[in-house]
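Asks: Sequence:
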Amino acid sequence: MRLLRDPRCWLALLMIAGVLVYARGVAGDFFLFDDFQNIVLSPPMQMLGKEPPDWIGVMFLNATGPTRRPLSMLSFALNILAFGMSPPAFKVVNLLLHLANGALLYALLRRIASRLLPPGARVSTDALALVVAGVWLLHPLHVSSVLYITQRMNVLATTFTLAGLLCYVEGRLSSLGGDRSGVWTGIVGMGLFGLLAVFSKETGAMVVVYAFLIEAFCFRFEAPRQQRWPLLALYACGIALPLTAYAGHLLLHPEALNWTRHGFTVGTRLLSEARVVCDYLVWTFIPLPSSMTIFHDDIAASTGLFAPPTTAASIAFLLALAASAWVLRQRAPAFAFGVAWFLAGHSLESTVLPMELVFEHRHYLPMVGPLLAVACLVAEALARKPRALGAAAMVALAIVGSATAVRANDWRTALSMAQADARNHPESSRCQYEAGRALAEDGARRGMFAAVKAQAVAYIRRAAELDPYQVPPSAALVIIHGTDEPVPQDEVDMLAERLRSARSNEQANPFLDLLVNASNGRLALTPEQVAMLFDAASANPRWTKRVRSMMLNNYGAYQFNVVHDTAKALRLTSDAGTLDPANAYFPLNLAKINFAAGDLEEARRHLATAQELDTLNQYRNDIAELRGAIGYSNAGR
Numbered sequence: 001m002r003l004l005r006d007p008r009c010w011l012a013l014l015m016i017a018g019v020l021v022y023a024r025g026v027a028g029d030f031f032l033f034d035d036f037q038n039i040v041l042s043p044p045m046q047m048l049g050k051e052p053p054d055w056i057g058v059m060f061l062n063a064t065g066p067t068r069r070p071l072s073m074l075s076f077a078l079n080i081l082a083f084g085m086s087p088p089a090f091k092v093v094n095l096l097l098h099l100a101n102g103a104l105l106y107a108l109l110r111r112i113a114s115r116l117l118p119p120g121a122r123v124s125t126d127a128l129a130l131v132v133a134g135v136w137l138l139h140p141l142h143v144s145s146v147l148y149i150t151q152r153m154n155v156l157a158t159t160f161t162l163a164g165l166l167c168y169v170e171g172r173l174s175s176l177g178g179d180r181s182g183v184w185t186g187i188v189g190m191g192l193f194g195l196l197a198v199f200s201k202e203t204g205a206m207v208v209v210y211a212f213l214i215e216a217f218c219f220r221f222e223a224p225r226q227q228r229w230p231l232l233a234l235y236a237c238g239i240a241l242p243l244t245a246y247a248g249h250l251l252l253h254p255e256a257l258n259w260t261r262h263g264f265t266v267g268t269r270l271l272s273e274a275r276v277v278c279d280y281l282v283w284t285f286i287p288l289p290s291s292m293t294i295f296h297d298d299i300a301a302s303t304g305l306f307a308p309p310t311t312a313a314s315i316a317f318l319l320a321l322a323a324s325a326w327v328l329r330q331r332a333p334a335f336a337f338g339v340a341w342f343l344a345g346h347s348l349e350s351t352v353l354p355m356e357l358v359f360e361h362r363h364y365l366p367m368v369g370p371l372l373a374v375a376c377l378v379a380e381a382l383a384r385k386p387r388a389l390g391a392a393a394m395v396a397l398a399i400v401g402s403a404t405a406v407r408a409n410d411w412r413t414a415l416s417m418a419q420a421d422a423r424n425h426p427e428s429s430r431c432q433y434e435a436g437r438a439l440a441e442d443g444a445r446r447g448m449f450a451a452v453k454a455q456a457v458a459y460i461r462r463a464a465e466l467d468p469y470q471v472p473p474s475a476a477l478v479i480i481h482g483t484d485e486p487v488p489q490d491e492v493d494m495l496a497e498r499l500r501s502a503r504s505n506e507q508a509n510p511f512l513d514l515l516v517n518a519s520n521g522r523l524a525l526t527p528e529q530v531a532m533l534f535d536a537a538s539a540n541p542r543w544t545k546r547v548r549s550m551m552l553n554n555y556g557a558y559q560f561n562v563v564h565d566t567a568k569a570l571r572l573t574s575d576a577g578t579l580d581p582a583n584a585y586f587p588l589n590l591a592k593i594n595f596a597a598g599d600l601e602e603a604r605r606h607l608a609t610a611q612e613l614d615t616l617n618q619y620r621n622d623i624a625e626l627r628g629a630i631g632y633s634n635a636g637r
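Going by the UniProt record's numbering, the letters in the sequence shown line up with residues 1 to 637, in that order.
Hints in this document: simulated from the structure, not taken from any laboratory.
Just so it is clear, the structure is predicted and the values come from calculations on it, not from any experiment.
Glycine included, C-beta positions come from ideal geometry on N, C-alpha and C.
You can trust all of the hints, since none of them are fake.
Label pairs and their computed distance ranges (CB to CB):
hint	residue 1	residue 2	range
1	ARG546	PRO224	49 to 57 Å
2	TYR469	ASP513	13 to 21 Å
3	VAL516	GLY390	57 to 65 Å
4	GLN455	MET355	29 to 37 Å
5	ALA322	ALA624	58 to 66 Å
Here are the simulated EDC-like cross-link-like pairs (lysine to aspartate or glutamate), alpha carbons at most 16 Å apart as the crow flies:
hint	residue 1	residue 2
6	LYS453	GLU485
7	LYS568	ASP535
8	LYS453	ASP442
9	LYS545	GLU506
10	LYS453	GLU441
11	LYS568	GLU528
12	LYS545	ASP580
13	LYS453	ASP484
14	LYS545	ASP575
Based on the sequences and whatever the hints tell you, model everything.
Replies: This is the structure:
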């Protein structure tokens with residue numbers, strides 16, 4: 001019994017519970033979505049273990065985010081070197097990081113909880129920190145953060161953020177105890193871990209905001225005058241200056257806010273996010289696995305304050321929440337701190353940035369705020385009833401743990417996850433599409449494609465009906481039908497119309513894949529049908545130059561491989577290179593076409609250009625192979 005009074009024992013039990021509830025999902029032997037771009041299909045990642053690692057390529061070839069997230073990419077590379085390209089191995093590491101985050105959160109909360117409770121409160125800060133960290137650790141909303149491999153970027157950034165905040169709190173506590181260097185120790189520690197967080201994912205920059213909230217609510221800038229100026233300088237440089245610079249940028253470049261993406265503008269996004277942020281709160285305290293999914297496109301964008309009416313209600317609720325936090329900041333600092341943490345945590349990804357409306361991983365660290373606020377209120381209310389308080393804590397842990405086990409079980413295979421999401425979100429076009437795609441892939445892998453084709457098509461047709469702007473369902477119907485029979489013209493017409501009106505660059509990806517399949521002779525499309533689709537896509541003014549260049553390149557490959565029009569293939573691929581002149585991929589393809597056509601001089605010229613542009617050695621092996629085929633000497637490479 002004495003052992004059970006040790007908080008470390010309970011923390012260890014929470015870690016074990018975390019392993020148990022995630023066990024079925026961690027064993028899932030599959031990659032998802034962005035995993036392919038960032039890991040599976042990345043040339044430097046593919047070469048790991050086959051030759052000396054190209055660390056520069058591994059860390060910086062990823063095009064995600066302005067920092068390229070090199071530490072996250074490095075962690076993926078180390079995973080591959082240690083365990084190969086094994087999805088469960090990646091997920092095990094993600095889970096270990098999540099467990100570490102739970103331990104760091106516990107350590108942080110137990111140091112600041114006493115400063116958020118009223119004087120004389122009969123609440124154990126160790127117990128409070130354990131319960132909040134435990135509920136957070138076992139919460140089902142974090143399943144996608146742990147089991148979606150690419151979300152390691154978010155989880156790892158949180159690891160460094162929490163470590164930085166812990167350093168800051170330790171430094172501040174030390175300074176209050178008389179250590180003159182405590183403030184600087186805290187600032188430097190937070191700064192170093194903050195940099196590591198930013199190089200894992202850009203949201204790591206929020207460490208300064210979280211530290212400011214801890215300072216304002218827990219320490220209230222209490223320090224000798226000579227130690228106070230570093231604190232003021234930190235928050236002026238870390239928060240005020242970036243906000244002022246960004247506001248100035250918007251004043252000078254107001255067109256930066258005139259974006260349209262995913263079918264909404266910056267105005268409709270802000271209106272919609274009020275509802276979404278309220279949804280995060282609902283999912284926190286009513287954690288139904290059926291509410292959770294990777295895709296939430298069944299949450300429609302708001303088009304006005306009362307369209308839908310919940311928009312105005314959500315805005316009013318959030319304003320009331322913020323106002324109550326301000327009013328109660330002295331009497332109920334824990335509640336005020338929790339509200340501020342929650343709202344600040346969503347201020348980056350849930351405001352004006354042109355991003356998807358909803359992703360569960362955005363609530364990963366912000367969830368701490370509402371959990372802490374409610375836990376402190378309940379603990380104070382039941383302080384004189386320790387048995388009731390303990391029972392409430394156990395019930396909360398049991399509820400979230402059970403829900404996570406159910407949700408993690410859905411993630412045991414790609415098909416079970418997709419079908420669960422489609423079943424729970426019948427109005428989500430993306431969920432229906434993913435269920436059809438996963439079913440078709442699973443059937444093909446098991447040699448039973450014909451048996452599942454009708455059901456897969458039904459899912460995908462439903463997806464197409466739910467969202468008339470989505471390209472993937474239409475492209476999938478063309479690909480599925482075109483594998484063993486001529487494609488009905490009405491499906492080609494529908495795809496052409498969607499390509500013509502697509503609203504975001506991501507919508508081009510399935511068409512690029514379709515062109516590859518057609519170029520390889522795996523689709524029963526006529527040249528006229530392919531030309532019709534290409535012309536429709538070309539008529540869409542929303543594509544970026546990079547997307548247009550890939551369309552030109554892939555259509556050029558189709559012209560060369562299927563139509564056998566070498567001149568047109570060269571012209572299209574050359575146009576691709578003109579649109580994206582820094583990309584070595586296009587001169588490399590020009591070299592391949594010229595080599596296949598017997599023009600070795602032109603092949604050498606384009607290959608030299610590709611070699612010059614390939615500064616990160618992304619296409620090193622392709623270039624070397626073609627050099628050997630053409631008859632180059634390898635000297636100088």
